[in-house]
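Chemist: Read off the chains here:
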Amino acid sequence: MLRKEIGDALRKLVESLVFLVIIPFMYIVDKLVWKWGLDYRSLIDTGFVITLLIYAVYAGGTVFQSERKDRAFEYLFSLPLTRRKIILAKILPRLGILTLLGAAATIVVGRGLLVEAGITVLVLFFSSLFLSIAVFSIAINIFGVGLIYLMFFQGGRVVGRFLLKIGGSSYLKWLVTQSVPAAVLLIPLGIAFWLTFKKMDARPLKLQMKTYYSITLPALFVLALLIALFSRSSMAGL
Amino acid sequence: MIEIRGLSFSYGKTNVFKDFDLSIPEGQVCLVTGINGVGKSTLLRLMAGVLKPDKGEIRYDARLGADPRQKLGFVSDALSLYESLTVVEAIGFHKSVYGLSSFDDSLVRHTKIGYGQKVRELSTGQRTIFHLSLILSLEPEVLLVDEIIHSIDAYLRRLFLEQIVQLLSKRRLTVVMVNVNFHDIEQLIERVILLKSGEIAVDENIEALKAKVKKIVAQNPPASLNILSRIDYADYSEFFVYPFNDRLRGTIEGDILDLNLTEIVSAFIGGEYA
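Top to bottom, those sequences are chains B and A. For the record, in the first sequence the residue sitting at position 160 is 170 according to the working numbering, with numbers rising by one throughout. For the record, in the second sequence the residue sitting at position 170 is 196 according to the working numbering, with numbers rising by one throughout.
The shape of chain B in the complex, shown without the other chains (with noise of 0.2 Å):
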């Protein structure tokens, strides 16, 4: 399981790779039309990131692509494995490959990436993975996590303004903007997601989508309004 697992994962990798052969492209762009001005190595550093991102938000979506595709959750329900291993098989190698790649990416880079991207490559990754369950098409899901993502930012945006008026290590409170809207975020979308995928059998998954979106639906309405509400206070209080 582990095995097919991490080939699934290499493969999402090699086809996010191929962002980074369009920036040797875009530096002839650049050169001969537009003129932005960009030298080839932010071009390489931009283009890593982005990969890196792109790479977080896919391997997180296409989790269960494999047995969309080929029609194999009764197959996978059939085997001795318990939904704990299924799930832990599929997100391991997926998270591993993520690391290695947000790694490489800061070793390009050459600043602390992995530290200032980490937990919104953590939010893309997540949010994709646990939307995945109920959204059958990447092009759906990564609108749903474009809009996950503007709620982490601005949720962070609330935090940090809240932050300003206390005390404290300016790192500390760096982390405290990105970890609580991530965990805000993600913890009834996955619990959403495990409840459901827990209980999950061969039926058709309309039919099986009730607690999920009995969870999340309301949560992200509740999020969204509080996040409206609490700029909207905060501006007015600067």
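Treat the hints with caution; some may be incorrect.
To be verified - Lysine to any residue pairs mimicking SDA-like chemistry, simulated, CA-CA at most 20 Å apart: (1) B:K95 / A:G118; (2) A:K78 / A:T40; (3) A:K121 / A:Q96; (4) B:K14 / A:K121; (5) A:K196 / A:Q213; (6) B:K216 / B:S76; (7) B:K183 / B:T130; (8) A:K238 / A:V228; (9) B:K209 / A:N41; (10) A:K238 / A:Q189; (11) B:K79 / A:D103; (12) B:K95 / A:K78; (13) B:K14 / A:F129; (14) A:K97 / B:L91; (15) B:K208 / A:G82; (16) A:K238 / A:Y259; (17) B:K216 / A:K39; (18) B:K79 / A:L105; (19) B:K79 / A:Q143; (20) B:K79 / B:A149; (21) A:K39 / B:S224; (22) A:K238 / A:E289; (23) B:K95 / A:K97; (24) A:K238 / A:G224; (25) A:K222 / A:G297; (26) A:K236 / A:L214; (27) B:K208 / A:D93; (28) B:K220 / B:L205.
Claimed, not checked - Pairwise CB distance ranges (calculated): (29) A:F129 / B:L20: 20 to 28 Å; (30) B:F29 / A:G140: 43 to 51 Å; (31) A:Q96 / B:L98: 16 to 24 Å; (32) A:Q96 / B:F29: 37 to 45 Å; (33) B:K209 / A:F129: 29 to 37 Å; (34) A:K81 / B:P214: 13 to 21 Å.
Source of the hints: derived by calculation from the structure; they are not laboratory data. Glycine included, each C-beta is placed from N, C-alpha and C at the ideal position.
Starting from the known structure of chain B, arrange chain A on it as the hints suggest.
Modeler: Positioned in the frame of chain B, the structure of chain A alone reads:
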């Protein structure tokens, strides 16, 4: 032993089973039959663990271990496998999940399946045999066979059934089959279970069933006998009756004929469509 107690299952708002009970002793070969959509394949999927009951439980003999799926072979009509894997990759995957050290590929070689072929490139017959060879590698204690063997050619069907016969001769294998070709398997079947509206309408030993279901060829319907179904011709009719009692033989007008398993099942199913 397979013990089903208080099983309830539905697809959305469509109830398939409600408080369903069934017990299958170890080593028995059962045929589950009934009209289309009655829940035969659903019952098999529930027994295989690929569907989860809404209520109730399905218990297996303790010797099958904590996870009975380790010793349970399910040949589904969906022939679900990872289609994008090659045959050799699918074998490797199966071996790793079940912790098998070897794989008997004699069946695969019989059907000229290429190891480098993708599973999705295999014909239905080849896939069925490949699926069976994967299942046989587990040395299953319980075998659940859906009606897939209708859709494979005569040679592969014979090969498939030969494997099951061989397996039955080696050990006390519990087999539950759904609507398979009765001509091929009649000699294997010990018990027939007919499902109707999510309940067991008939549950009989094969010999008892053959004694109780008869065809009466006559001009008028036999009085005091329950007619399952009938076929009318110009000057006579065929009446399929159940339960038939041998003591009534002298009192019935017309010819009383024995039926084979296919005719018995057709009589029951025909009665439901009538």
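Chemist: Take the hints in turn and mark each one as holding or not.
Modeler: Results of checking the hints against the structure:
1. B:K95 / A:G118: Holds - the C-alpha atoms of G118 of chain A and K95 of chain B are around 18 Å apart, at most 20 Å.
2. A:K78 / A:T40: holds, 15 Å
3. A:K121 / A:Q96: holds, 12 Å
4. B:K14 / A:K121: holds, 12 Å
5. A:K196 / A:Q213: With Cα atoms ~17 Å apart, K196 of chain A and Q213 of chain A stay inside 20 Å; holds.
6. B:K216 / B:S76: holds, 18 Å
7. B:K183 / B:T130: Since the Cα atoms of K183 of chain B and T130 of chain B sit roughly 16 Å apart, the hinted pair holds (cutoff 20 Å).
8. A:K238 / A:V228: Within the cut-off at roughly 11 Å; holds.
9. B:K209 / A:N41: Given pair K209 of chain B, N41 of chain A holds - Cα atoms ~18 Å apart, limit 20 Å.
10. A:K238 / A:Q189: violated, 31 Å
11. B:K79 / A:D103: At roughly 18 Å apart (the allowed maximum being 20 Å), D103 of chain A and K79 of chain B satisfy the hint.
12. B:K95 / A:K78: holds, 18 Å
13. B:K14 / A:F129: holds, 18 Å
14. A:K97 / B:L91: holds, 13 Å
15. B:K208 / A:G82: holds, 17 Å
16. A:K238 / A:Y259: violated, 24 Å
17. B:K216 / A:K39: holds, 13 Å
18. B:K79 / A:L105: Roughly 14 Å separates the two Cα atoms, so the pair holds.
19. B:K79 / A:Q143: Since the Cα atoms of K79 of chain B and Q143 of chain A sit roughly 17 Å apart, the hinted pair holds (cutoff 20 Å).
20. B:K79 / B:A149: holds, 16 Å
21. A:K39 / B:S224: Between K39 of chain A and S224 of chain B the Cα gap is close to 18 Å, so the pair holds against 20 Å.
22. A:K238 / A:E289: holds, 13 Å
23. B:K95 / A:K97: holds, 19 Å
24. A:K238 / A:G224: violated, 23 Å
25. A:K222 / A:G297: holds, 11 Å
26. A:K236 / A:L214: holds, 14 Å
27. B:K208 / A:D93: holds, 16 Å
28. B:K220 / B:L205: holds, 11 Å
29. A:F129 / B:L20: 20 to 28 Å: For F129 of chain A and L20 of chain B the Cβ distance comes to about 25 Å; the hint holds.
30. B:F29 / A:G140: 43 to 51 Å: For F29 of chain B and G140 of chain A the Cβ distance comes to about 35 Å; the hint is violated.
31. A:Q96 / B:L98: 16 to 24 Å: holds, 19 Å
32. A:Q96 / B:F29: 37 to 45 Å: holds, 43 Å
33. B:K209 / A:F129: 29 to 37 Å: With Cβ atoms ~33 Å apart, the hint holds.
34. A:K81 / B:P214: 13 to 21 Å: holds, 20 Å
Of the numbered hints listed earlier, those contradicted by the structure are 10, 16, 24 and 30.
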